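Produce the entire structure from the sequences given, and follow the hints as far as they go.
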Amino acid sequence: MRQLPFLPAVVALFLVFASVTNSTPVNRISPAFDLDKLLVSNRKEAAKSTLCTACKIIVSGLKFLIDQQAPEEVLIDYFSKTCKALEIEQDHVCDSLPQKFGKEVFYVVEHGMFTSDEICGALMSDCGDFVNPLEENWTIPIPGGKPPVKPWPTSVQPKSTLRVLHLSDIHIDRQYAVGSEADCGEDTYFNLYELCCRNYPPTKEAKPSMCAISLLLKQKGLEA
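Residues -23 to -1, 1 to 201, numbered by mature numbering (1 follows the signal peptide of the UniProt record, and there is no 0), are exactly what the sequence shown covers, in order.
It is possible that part of the hints are untrue.
[To be verified] Below, simulated DSSO-like cross-link-like pairs (lysine-lysine); rule was C-alpha separation at most 27 Å, straight line:
#1 Lys40 with Lys80
#2 Lys33 with Lys58
#3 Lys136 with Lys123
#4 Lys61 with Lys80
#5 Lys80 with Lys58
#6 Lys77 with Lys58
#7 Lys77 with Lys123
#8 Lys80 with Lys33
#9 Lys40 with Lys58
#10 Lys40 with Lys77
#11 Lys77 with Lys33
#12 Lys61 with Lys40
Worth flagging that the hints you see were computed from the coordinates, not collected in a lab. From a predicted model like this one, the values you see are computed outputs, not experimental measurements.
Spelled out as structure tokens, the structure:
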């Protein structure tokens, strides 16, 4: 197998990135303070901070590899292995993410004029230095000025009445598997991209929980 000249540098870069740590300051707590609430809050903040760091590690590593003209299979391998090493998600999720979205991500990293802080700041709040243009006040001149607002025409004597059933926010999973795991993300630190009730490698007994409905359930519900 041909050895890639930039692999030693990749290993060194990963070791440097992996040495980045995050700590939460410890404050003096009075006996009446809700300690459980504090621990839950600290865990959420730590998870958010760690995810931000993980994002910057992955983006910075991809930038380095792309600058070294690494082939796409190396970028995919780096993404999935770093995702697993940082325990961002379950292994099969870390493997599938770059397979499904890698081309788009790699293109933005290569051609976009953005730093790791800006990219990660766009993906999550309180991470990096990203300015969202949609949150800025824009002034757009309209040629000829704004047209007058006209009321919507209504029929005085409608010939018929139309009844409408509006169903919204229905989540259908075409890969829904009966009897599969319903709460499948507890073994990972972040549990961001997991959609349960699919044929994943089993880890524990299933129970009703974090699932979208099956297509059969939706069809039967409409037929009832």
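Problem set entry | Which numbered hints fail | Violated: hints 3, 7.
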